[in-house]
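**Q** The residues making up each chain are set out below.
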Amino acid sequence: MTTPKTFQEMISRLHEFWSKQGCVIVQPLDLEVGAGTFHPATFLRAIGPEPWSAAFVQPCRRPTDGRYGANPNRAQHYYQYQVILKPSPNDIQEIYLNSLRALGIDPLEHDIRFVEDNWESPTLGAWGLGWEVWQNGMEITQFTYFQQVGGLECKPVTGEITYGLERIAMYLQGVESMYDVLWTEHEGRRVTYGDVFHQNEVEMSKYNFEHADIEHLKHLFSNYEKQCHELIALSLPLPAYEMALKASHTFNLLDARRAISVTERQRFILQVRKLTQAVAQSYFDAREKLGFPLLQGK
Amino acid sequence: MSKKINAGESALDFLVEIGTEEAPAKMLPNLASSFCDGIKNGLMQAELAHDSVIWYATPRRLVVIVRALITQQPARHIVRLGPSKQAAYNQQGEPTPAALGFARSCGVDLKDLGFKETEQGERLYFEQDQAGAATHTLLASIVNEALKKLPIPKPMRWGATDTQFIRPVQWVVMLFGQNVVQDPVMGMVPTQHSYGHRFHHPGSIAIKEPSTYQAQLLDAKVMVDFNQRKNIIREKILECASKLGNPVIVESLLDEVTGLVEWPVALLGNFDSKFLVVPQEALISAMQVHQKSFAIQDKNEKLLPYFITISNIESNNKQTVIVGNERVIRARLSDAEFFYTEDIKHALDHFVEQLKSVVFQAKLGSVFEKTTRNKQLAQKIAQLIQANPVHTERAAFLAKADLMTNMVGEFPELQGIAGYYYALLAKEPQHVALAIREHYLPRFAGDVLPETLEGCALSLADKIDTLVGIFGVNQAPTGDKDPFGLRRAALGILRITIEKKLSLDLRQLLEMAIAHYHVKLPNEKVLDDTLNFIVDRLRAWYSTQGVSADIFAAVHARFPTNPLDFDGRIKAVQHFKTLPEAKSLAAANKRVSNILKNQTNNQEKVNPMLFESDAEKNLANLVQTKQAEITTLYQAGNYHQALTELASLQTPVDQFFDTVLVMADDASLRDNRLLLLSQLRNMFLQIADISLLSEQG
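If you read the sequences in order, they're chains A and B. Just so we're aligned, residue 1 is where the first sequence starts under the working numbering, counting upward by one. Just so we're aligned, residue 1 is where the second sequence starts under the working numbering, counting upward by one.
In isolation and in its complexed conformation, chain A is listed as follows (with noise of 0.2 Å):
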């Protein structure tokens, strides 16, 4: 395979890939969060017994990370594209190797490796095991079994499978900047990460760290911690998730604020990890008493 010259190029290559593999492309999640794990397609799909495979790219918000635009590798804002397998299959390694090969990458060219990587969310109440996927050196994916998700033992156990677009992209087209990656080109038009971004990073930047109001966001979270609680105790766990969502959120503001002491910030994880657990025994609940839908093979 011939190596994906644009940004875009480069997402279709994986969603053909992935499509092939009889993922489901869902979209991305219409909420601020902060990895792809938080995508009800992940975090609520690994629940329970019922097989499925997604394929969707998130864009990830993680306030303390911007750099104002000025860094060239970390960005308040960016891409994962995550696939989701459950159960995982037995050559889930070598599916994976493929997509490489779909996207240029040759495992006798390059130095492909997978190195313990052992993952942890504190608030999502979920572990699992497995490797950061290094090319020549570099961590290009993060590939994890998971054991518990929002505090459940996942049998079957999902395989997340979470590529590092813009790096790839970077590494791909031999740019040292993020915001240098082409994007897109059209009859001699280029369109780069830059030209799509910066201002955001920029403008983001100044908001998450100086001007996001923190009385307002403090009083967010009590409220999308109350609602949540309410929401499990009516049996609506999607919404109930959304709230959780938006806490964990509010939560990553604070924290760019400075708004949370050493202590506090426990107490805060600690309140976010017991709304999603709240949410998953719910989802579980919900989906137990619908049948579990897709065990039936259709």
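Think of the hints as simulated: they come from the structure by calculation, not from any bench. A portion of the hints provided could be inaccurate.
Label-pair restraints from in silico Cβ distances [to be verified]:
1. A:D285 <-> B:H350: 37 to 45 Å
2. B:I54 <-> A:M1: 38 to 46 Å
3. B:A206 <-> A:N200: 53 to 61 Å
4. A:A286 <-> B:I54: 34 to 42 Å
List time: in silico SDA-like cross-link candidates among lysine to any residue, alpha-carbon distance up to 25 Å [what the hints assert, rightly or not]:
5. B:K501 <-> B:R488
6. B:K356 <-> A:D117
7. B:K481 <-> A:D117
8. A:K155 <-> B:K149
9. B:K318 <-> A:E94
10. B:K363 <-> A:A259
11. B:K345 <-> A:F209
12. B:K318 <-> A:L172
13. B:K525 <-> B:A476
14. B:K154 <-> A:E116
15. A:K155 <-> A:D285
16. B:K221 <-> A:E94
17. B:K356 <-> A:R265
18. B:K154 <-> A:W127
19. B:K154 <-> A:E94
20. B:K148 <-> A:E153
Values in this document were obtained by computation on a predicted structure and should not be read as measured data. Where is the CB? At the ideal position from N, CA and C, for every residue including glycine.
Could you slot chain B onto chain A? The hints should help.
**A** The following block gives chain B in isolation, referenced to the frame of chain A:
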């Protein structure tokens, strides 16, 4: 121990290979050797004789090969004891579940079992000559048992199976001679098909027999032998660096890298020398920790702008791999450079204030408060050991500041080292900077100690403050949980005082440290608990140095609280024990100690008029003349000479016991003798309780 194979018995090699997805590199050797031990143990239990047993390990396989394993288990005479008669039948004479269960486990009916008289009364009894099984029928269960016992800290599940292992199992090869053992292992049916290098040889390889395994895998670009692969990597690194300088090879990193590759290829890369302004420890850490690469230094141990990385592929375009790694290294070094330039915008003092927000321990306040206590204690210790108290205090104030720097945030192992560089940049005196660097020493068993006295004072203060605080809030280490590293801290205190010959009294230091805590420590016994803990570490330390337990006990009986003084006594007793007189004097001391145990004596001075025999007069004279001499030697701390002098009393003491009856009927005679003996014993006791020496060793 493996049993010998007798002539006429046939034997074959046995191979088991567990093929997995990439296992955690750092655990590989331990897992494989445990696997090997487990199999050896299983073979021993089953009484299967064999020759050597070896293990191999790569990221994708754990392998054990047993050479010349007997093909037929020998006949065995089985003897088993079951429940007692009372437990086997109830009052109605009906068999109990315990009895029935025992019979079932022996594979017979209960009525076929008899009773046997034992020390615990009559018990159900089973005896049978059992024909041996064919070895190949026993192998899978031996392997499965061994796998179950592997020290896997976090076993995982995958797919829809319930099997648990370190990483998903992909294949199992199990060969006995040329035959496949097909009984399931980890829920999989073994075959003879192994797999080579993931990319160079993705197809399967039919293993002919265990003895050809290593060579067949080598053809498929897998070096299966962990230690051999490690040595090859070391040689490749040395060769790669040879024209430039000396590679920095940390053993643990070399082990990890060995665990990451099946087919090591060393590649040399370089980076922009502009990064060399950053402290080289930071650059080396960046290369080692994140990139698992090896740095190269010149003959003056100055870092060169090169690195060596070990790849797992003979790339069809080596340059791709090199350039890729250079890119990552460049980004890593840029980070280190960024942290450095950010950090040095401020003087170290600036960071001290921020320590107020860092919790040392929930009940013990912030690291800033610890810094304040360290300052007070370090300064007092500095005065006691003739270190510069001003420099020590300054170093104590700055010692923890680097915890707040970007550099240490990124590379925690640079704590102290970053502080050292930043202190020098801030024009702090050399010894202040050195003390900051040295106060974490020793970081592990066998690590170097602080070289400056200021570093010693601060290191001691920091460790003592931590010990007292954590014991003060009842958080003593338990089992393998020692989150504050108290064992290491205690050993550090001991090594510094003893090896640096610093005469310091632990009790006094601990009292000072306790007084510096502004909060009242909840543990009332904090002083004794901490002291006992440190002395326990001392016992463990001496034990690793081959000082026998009785020598330690003899000194410990006197409970000296100055480690250097303790050590002097240990050495003196060690020497004393080698003297020909020692055995008999130890026995005499024991005898005296027993005699004196239940005696009270009001007499104050020995009365020479009350002696009857020459032996006792002679001993009394000697005790009289030696006493002053011994006391002088004792006060000078010359325990070695003191005990050597005391050794000369052996003959007179023996003569005394041969001829004198201590417990005479006449009370005044008896008391006089008892007093003489107690004076004799006290001379020894000043140094150690010789009566505790054992005759062995």
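**Q** Hints the structure violates: just list their numbers, smallest first.
**A** 1, 4, 6
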